[in-house]
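Listed here are the chains, written in short residue letters.
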Amino acid sequence: MSSGSLGVAFAVPVLGTLVCLAPAATRPTVQFGVRVPPERVGAPVVRQERRAYYWRTAAVAGCATAAAVTLAVAVPGHGSRWLVTIVLLLELTADHRCFWLAHRKIAAVKEADGWFAGLKQTVATDTSWRTDPPKFPVRWLIPALAVIAATAATGALRYPGLPAHIASGFGGRAGQTPKSFVSVFLVVAAQLYITALWTGFMLIVYRSRPDIESADPRASTLRYRRFLAALTRALLTLIALVDVSLLLVALRNWQVYQLSGARQVLPLLPFAAGLLLLVAVGLRTGQGGSRLNGNVHSLARAGGTDRDDDRFWKAGLLYVNRDDPAIVVSARFGAGWTLNVGNRAAWLIIAGIIAPPAGLIVIAAVAGNLT
Amino acid sequence: MLLSIEPDGPVPIYQQIRDRIVEAIADGRQPVGSALPSTRQLAVDLGVNFHTVNKAYDLLRQEGLLRLGRGSGAVVRRDASSGPADPAWTQDWAARLRTLLAEAAAHGLPATDIELKCQAATADFDFPAAATQAGNGRESPP
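Protein sequences appear in the order of chains A and B.
All the letters of the first sequence, read from the start, carry residue numbers 1 to 371 under the working numbering.
All the letters of the second sequence, read from the start, carry residue numbers 1 to 142 under the working numbering.
Take the hints with a grain of salt, since some may be wrong.
Stated by the list, open to error - Label pairs and their computed distance ranges (CB to CB):
no.: 1; chain 1: B; residue 1: E23; chain 2: A; residue 2: I363; range: 40 to 46 Å
no.: 2; chain 1: A; residue 1: W100; chain 2: B; residue 2: V11; range: 35 to 41 Å
no.: 3; chain 1: A; residue 1: I86; chain 2: B; residue 2: V11; range: 30 to 36 Å
no.: 4; chain 1: B; residue 1: A106; chain 2: A; residue 2: G352; range: 56 to 62 Å
no.: 5; chain 1: B; residue 1: R67; chain 2: A; residue 2: R104; range: 50 to 56 Å
no.: 6; chain 1: B; residue 1: T122; chain 2: A; residue 2: R51; range: 36 to 42 Å
no.: 7; chain 1: B; residue 1: R96; chain 2: A; residue 2: G114; range: 34 to 40 Å
no.: 8; chain 1: A; residue 1: D323; chain 2: B; residue 2: E23; range: 42 to 48 Å
no.: 9; chain 1: A; residue 1: L348; chain 2: B; residue 2: D8; range: 42 to 48 Å
no.: 10; chain 1: A; residue 1: R207; chain 2: B; residue 2: T99; range: 55 to 61 Å
no.: 11; chain 1: A; residue 1: L348; chain 2: B; residue 2: S82; range: 41 to 47 Å
no.: 12; chain 1: B; residue 1: A106; chain 2: A; residue 2: G114; range: 46 to 52 Å
Said to hold, decoys possible - Simulated crosslink set (SDA-like; lysine to any residue; CA at most 25 Å straight-line):
no.: 13; chain 1: A; residue 1: K120; chain 2: B; residue 2: K117
no.: 14; chain 1: B; residue 1: K55; chain 2: A; residue 2: K314
no.: 15; chain 1: A; residue 1: K135; chain 2: A; residue 2: K314
no.: 16; chain 1: A; residue 1: K314; chain 2: B; residue 2: P7
no.: 17; chain 1: A; residue 1: K179; chain 2: B; residue 2: A24
no.: 18; chain 1: A; residue 1: K314; chain 2: B; residue 2: F50
no.: 19; chain 1: A; residue 1: K120; chain 2: B; residue 2: A24
no.: 20; chain 1: A; residue 1: K105; chain 2: B; residue 2: I13
no.: 21; chain 1: A; residue 1: K120; chain 2: B; residue 2: S34
no.: 22; chain 1: B; residue 1: K55; chain 2: A; residue 2: W115
no.: 23; chain 1: B; residue 1: K55; chain 2: A; residue 2: R284
no.: 24; chain 1: B; residue 1: K55; chain 2: A; residue 2: Q121
no.: 25; chain 1: B; residue 1: K55; chain 2: A; residue 2: D323
no.: 26; chain 1: A; residue 1: K120; chain 2: B; residue 2: A120
no.: 27; chain 1: A; residue 1: K135; chain 2: B; residue 2: T39
no.: 28; chain 1: A; residue 1: K120; chain 2: B; residue 2: A111
no.: 29; chain 1: A; residue 1: K120; chain 2: B; residue 2: A88
no.: 30; chain 1: B; residue 1: K55; chain 2: A; residue 2: R344
no.: 31; chain 1: A; residue 1: K135; chain 2: B; residue 2: P10
no.: 32; chain 1: B; residue 1: K55; chain 2: A; residue 2: R130
no.: 33; chain 1: A; residue 1: K120; chain 2: B; residue 2: P10
no.: 34; chain 1: A; residue 1: K120; chain 2: A; residue 2: R207
no.: 35; chain 1: B; residue 1: K55; chain 2: A; residue 2: K135
To be verified - To spell it out: a stretch of chain A is covered by chain B in this simulated footprint if at least three of its residues, at any positions, have a beta carbon under 8 Å from a beta carbon of chain B; those stretches are:
no.: 36; segment: 82 to 92
no.: 37; segment: 250 to 258
no.: 38; segment: 349 to 361
By construction, these hints were calculated from the structure, which means they are not laboratory data.
Remember, it's a predicted structure, so these values are computed and weren't measured experimentally.
For every residue, glycine included, the Cβ atom is placed at its ideal position computed from N, Cα and C.
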């Protein structure tokens, strides 16, 4: 058993739980990637497919977790990590199949019964979103930046005293890497990358289209504001906790403390706590604040129905609309956002996400060859 | 201001955007001096082409209702409180109203129904006390 295989084994139930719970956070007028008019949200096919999805994905998560833990414990050495990774990929494939089964059945009934026939399909916006835009909670970045500064300072203090070879990465395998500026401070670069990536993405989200319901534009704009504020704060907390996890891994690699056996996953706990918080906030608010009521419940309703936009969502999950200037749009499944891959600017963002780690791998490889 | 359009409806999208903004100015939701989103922002929020919003804003600029600036974006240039209407505009509006009434007559709508509908629509908007006369062809300086 290695800490690497335990880490992947930990991801199996986490992924399974997230996928299983996703319909609970999704907007009720989008069921498994199918746009549904508000009066059809409780249709028999929707209720039936939701129930079937929960059972199917729960069974997938249970089986995959049992298989992953068994492999992580039973298979010795490095091979278990790859076997558990294969289990994770199989779980992901099975989960997508569960989604697709529900999607296909609901879409077929919607098409056959003409759910949108005769409905006034509208797109609504509240211009106050632009004239009085929400403010990004910059202060919530301070913990993450403080952890990064602490990591860099500890690395600088430990650097002279480190041996010629140090432990590398998260894995508990015997892998050692020559001591160099790059190998020691790689963790700080990883912290900076994660923090900058998610902060940058959220800054784009703050300038993007709010998720507004045509039937209730004013109230849904207020709900979206509360959703965005809550989810951003939870995400920035998660980022700070991921940085703490990376700091704990770095401290072990820099021989500040030692862990063995199953305890090697302890540095993952802050990350797990942050993820739990984010999921809890996502489930409480629902996509775009669809589960929030409170003081915005009594506002007047406008009376339109959200436009049937299924044709722009490939496989029910991927948004491709060349005529839409939006780069980031609300996700179709679960709570959060996704990219409009029909927009060229979205590909620049994807390139921006891939470039830093790819560059770091190249730099690390070159530095490794030079030393 | 809430702005709602029917992307798949029979009326062109730029016309719908223009009409909704005129209605918002008329009912006091967008008073003179108030800001509207930039063309790019409104295009993103409605999921329509940038040029569509540009066309609507340009139409409103030509009609004297919006002021478009590079830095300040779009700002409402006039409303009911900004004084009497331009006589040339009033004449043009009267011609369009005539066509609209002709359509109603051709479709067999009784004059009393037209009056009732006009009264109902009038109640939705803010009219200055003297402006009711301007619509009757009163000549006034721009």
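How the hints compare with the structure:
Take E23(B) and I363(A): their Cβ atoms lie about 58 Å apart, and the range 40 to 46 Å is violated. Here the CB-CB span from W100(A) to V11(B) is close to 37 Å, well matched to the stated 35 to 41 Å. The hinted window of 30 to 36 Å between I86(A) and V11(B) is violated, with their beta carbons roughly 55 Å apart. Roughly 59 Å separates the CB atoms of A106(B) and G352(A), a value that falls within the hinted 56 to 62 Å.
Separation of R67(B) from R104(A) is about 52 Å and conforms to the stated range, judged on CB atoms against 50 to 56 Å. With their beta carbons about 53 Å apart, T122(B) and R51(A) fall outside the hinted range of 36 to 42 Å. About 38 Å separates the C-beta atoms of R96(B) and G114(A), a value consistent with the hinted range of 34 to 40 Å. The hinted window of 42 to 48 Å between D323(A) and E23(B) is violated, with their beta carbons roughly 26 Å apart.
Between L348(A) and D8(B), the C-beta spacing of about 30 Å breaks the proposed range 42 to 48 Å. A C-beta distance of roughly 43 Å is found between R207(A) and T99(B), which places it outside the suggested range of 55 to 61 Å. A C-beta distance of roughly 44 Å is found between L348(A) and S82(B), which places it inside the suggested range of 41 to 47 Å. The hinted window of 46 to 52 Å between A106(B) and G114(A) is violated, with their beta carbons roughly 34 Å apart.
With a C-alpha separation of about 22 Å, the suggested pair K120(A) and K117(B) falls inside the 25 Å cut-off, and the hint holds. A C-alpha spacing of about 31 Å is found between K55(B) and K314(A), which places the hinted pair above 25 Å, so the restraint is violated. At roughly 33 Å between alpha-carbon atoms, K135(A) and K314(A) are farther apart than 25 Å, so this suggested pair is violated. Restraint check: the Cα-Cα separation between K314(A) and P7(B) comes to about 20 Å, which is no more than 25 Å; the hinted pair holds.
Between K179(A) and A24(B), the direct Cα distance comes to roughly 67 Å. Violation of the 25 Å bound is thereby established for this hinted pair. About 24 Å separates the Cα atoms of K314(A) and F50(B), which keeps this hinted pair within 25 Å; it holds. About 21 Å separates the Cα atoms of K120(A) and A24(B), which keeps this hinted pair within 25 Å; it holds. Using a Cα cut-off of 25 Å, the hinted pair K105(A) and I13(B) is violated, with the two alpha carbons roughly 33 Å apart.
For the hint linking K120(A) to S34(B), the alpha-carbon distance of about 30 Å lies beyond 25 Å, and the restraint is violated. As the CA atoms of K55(B) and W115(A) are separated by approximately 34 Å, the hinted pair breaks the 25 Å bound. About 41 Å separates the Cα atoms of K55(B) and R284(A), which puts this hinted pair outside 25 Å; it is violated. The suggested pairing of K55(B) with Q121(A) holds, with an alpha-carbon distance near 23 Å, which does not exceed 25 Å.
In summary, the hint linking K55(B) to D323(A) is supported, as the alpha carbons are separated by about 16 Å, within the 25 Å threshold. Proximity of K120(A) to A120(B) is assessed by CA-CA distance (about 23 Å); at most 25 Å being required, the pair is judged to hold. As the CA atoms of K135(A) and T39(B) are separated by approximately 21 Å, the hinted pair is consistent with the 25 Å bound. Using a Cα cut-off of 25 Å, the hinted pair K120(A) and A111(B) is violated, with the two alpha carbons roughly 29 Å apart.
As the CA atoms of K120(A) and A88(B) are separated by approximately 37 Å, the hinted pair breaks the 25 Å bound. Using a Cα cut-off of 25 Å, the hinted pair K55(B) and R344(A) holds, with the two alpha carbons roughly 23 Å apart. For the hint pairing K135(A) with P10(B), the CA-to-CA distance comes to about 38 Å; that exceeds 25 Å, so the pair is violated. For the proposed pair K55(B) and R130(A), the alpha carbon gap of about 20 Å is at most 25 Å, so the pair holds.
The suggested pairing of K120(A) with P10(B) holds, with an alpha-carbon distance near 12 Å, which does not exceed 25 Å. Distance check on the hinted pair: K120(A) and R207(A) sit about 28 Å apart at the alpha-carbon level, beyond 25 Å; violated. As the CA atoms of K55(B) and K135(A) are separated by approximately 30 Å, the hinted pair breaks the 25 Å bound. Judged by the Cβ-Cβ criterion of 8 Å, the segment 82 to 92 of chain A is not covered by chain B as claimed, because only 0 of its residues qualify and three are needed.
Restraint check on the segment 250 to 258 of chain A versus chain B: 0 residues with Cβ-Cβ distances below 8 Å, three needed, restraint violated. Given as covered by chain B, the segment 349 to 361 of chain A fails the check, having 0 residues with a CB less than 8 Å from a CB of that chain where 3 are the minimum.
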